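Go by the hints and put chain R onto chain B.
Take a look at the letters that make up each chain.
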Amino acid sequence: MTSPISALGFMSSFPTSGVGADMSVGTTTAVPAAQGAGGTDFASVLASSLDGLQATQSKADGLALQAATGDLKDVHDYMIASNEASLATQMTVAIKNKAVDAFNQIMGMPV
Amino acid sequence: MGVFDTLGISASGLLAHRKWLDAVSDNIANINTATSTSQSAFKERFVEAQAVDYGSGEGGVRVATAQFGSGEGRVVYEPKNPLADKNGYVRYPDIDLGDQMAQLIMAQRGYQANLSVIDRATKTYQAALQLGKG
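Respectively, the protein sequence lines represent chains B and R. Residue numbering for the first sequence follows our numbering, starting at 1 and increasing by one per position. Residue numbering for the second sequence follows our numbering, starting at 1 and increasing by one per position.
With the rest of the complex left out, here is chain B (with noise of 0.2 Å):
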């Protein structure tokens, strides 16, 4: 008979169990293994991902300036820069709720 704590065991191999690791709450030495599967862990993605939303915002307010006081040049490129940022915004917004959605549920998970 299987006992419910090797599903632990077996949870480590997905890459995504990295989430429950690197947000601290000290499962990590409960399962070591789940360090060297991730490949990239998740804080460092979840960081890049946030400054290349702070990248991308910083161009469109740029831009947003530069309409103001009408330096502008193309209409068109605020107008992409302020989609791209919105749509930036919408893709960190969508990895950071699925990663506190994964992390919810495996807190509620009845040990």
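These are computed hints drawn from the structure, not numbers from a lab. A few of these clues could be false.
Derived DSBU-like pairs: lysine-lysine, alpha-carbon spacing no greater than 35 Å straight-line [claimed, not checked]:
1) B:96 with B:59
2) B:73 with B:59
3) B:59 with R:86
4) R:19 with R:86
5) R:133 with B:98
6) B:59 with R:133
7) R:19 with B:73
8) R:123 with R:19
9) R:43 with B:73
10) R:123 with B:59
11) B:98 with B:59
12) R:80 with R:43
13) B:96 with R:123
14) B:73 with R:123
15) R:133 with R:123
16) R:86 with R:123
17) B:98 with R:123
18) B:96 with R:133
Anything over 10 Å on all C-beta distances counts as not near chain B; from chain R, calculated [stated by the list, open to error]:
19) 8
20) 30
21) 40
22) 43
23) 60
Keep in mind that this is a model prediction, so the values were computed, not measured. We put the beta carbon where it would ideally sit given N, CA and C, even for glycine.
Using the frame of chain B, we list chain R on its own:
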């Protein structure tokens, strides 16, 4: 290379067509610009588009250079024009308005097509971000 590359590629298409529109409007604006026969007429503007190799990680199009048509123009007999030479001739640019209007339509449609691509790509990306929420 980013996640939303399509937007940048379409932006380059928009820029190229905007420059084409500029060239056409320049040509039409100067279609009646008379010069004296000792000078060259207004030279028709052309934009030279060049594809950007997608293998370089960019893709899209850019306007490589602006080309100019002949400055010879056509010589018109207008003795009352202050610019007329002693035989009564002035020089007009040899620009065909019909041709310019056709180019205007092509540039406009090309611009709109690139905008449509951006619109569609945005919807596509948003649909991808909705994955698993249904």
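Hint by hint, here is what the structure shows:
1. B:96 with B:59: Since the Cα atoms of residue 96 of chain B and residue 59 of chain B sit roughly 22 Å apart, the hinted pair holds (cutoff 35 Å).
2. B:73 with B:59: holds, 15 Å
3. B:59 with R:86: Roughly 59 Å between the alpha carbons, so the hint for residue 59 of chain B and residue 86 of chain R is violated.
4. R:19 with R:86: violated, 39 Å
5. R:133 with B:98: holds, 10 Å
6. B:59 with R:133: Holds, because 30 Å separates the two Cα atoms, which is no more than 35 Å.
7. R:19 with B:73: Given pair residue 19 of chain R, residue 73 of chain B holds - Cα atoms ~11 Å apart, limit 35 Å.
8. R:123 with R:19: Distance ~27 Å between residue 123 of chain R and residue 19 of chain R Cα, so the pair holds.
9. R:43 with B:73: Holds - the C-alpha atoms of residue 73 of chain B and residue 43 of chain R are around 25 Å apart, at most 35 Å.
10. R:123 with B:59: holds, 22 Å
11. B:98 with B:59: At roughly 27 Å apart (the allowed maximum being 35 Å), residue 59 of chain B and residue 98 of chain B satisfy the hint.
12. R:80 with R:43: holds, 24 Å
13. B:96 with R:123: Between residue 96 of chain B and residue 123 of chain R the Cα gap is close to 21 Å, so the pair holds against 35 Å.
14. B:73 with R:123: holds, 26 Å
15. R:133 with R:123: Since the Cα atoms of residue 133 of chain R and residue 123 of chain R sit roughly 16 Å apart, the hinted pair holds (cutoff 35 Å).
16. R:86 with R:123: Roughly 65 Å between the alpha carbons, so the hint for residue 86 of chain R and residue 123 of chain R is violated.
17. B:98 with R:123: holds, 20 Å
18. B:96 with R:133: holds, 14 Å
19. 8: violated, 8 Å
20. 30: Non-interface label stands for residue 30 of chain R: nearest chain B Cβ at 22 Å, farther than 10 Å.
21. 40: Correct as stated: the minimum Cβ-Cβ distance to chain B is 29 Å, above 10 Å.
22. 43: holds, 24 Å
23. 60: holds, 12 Å
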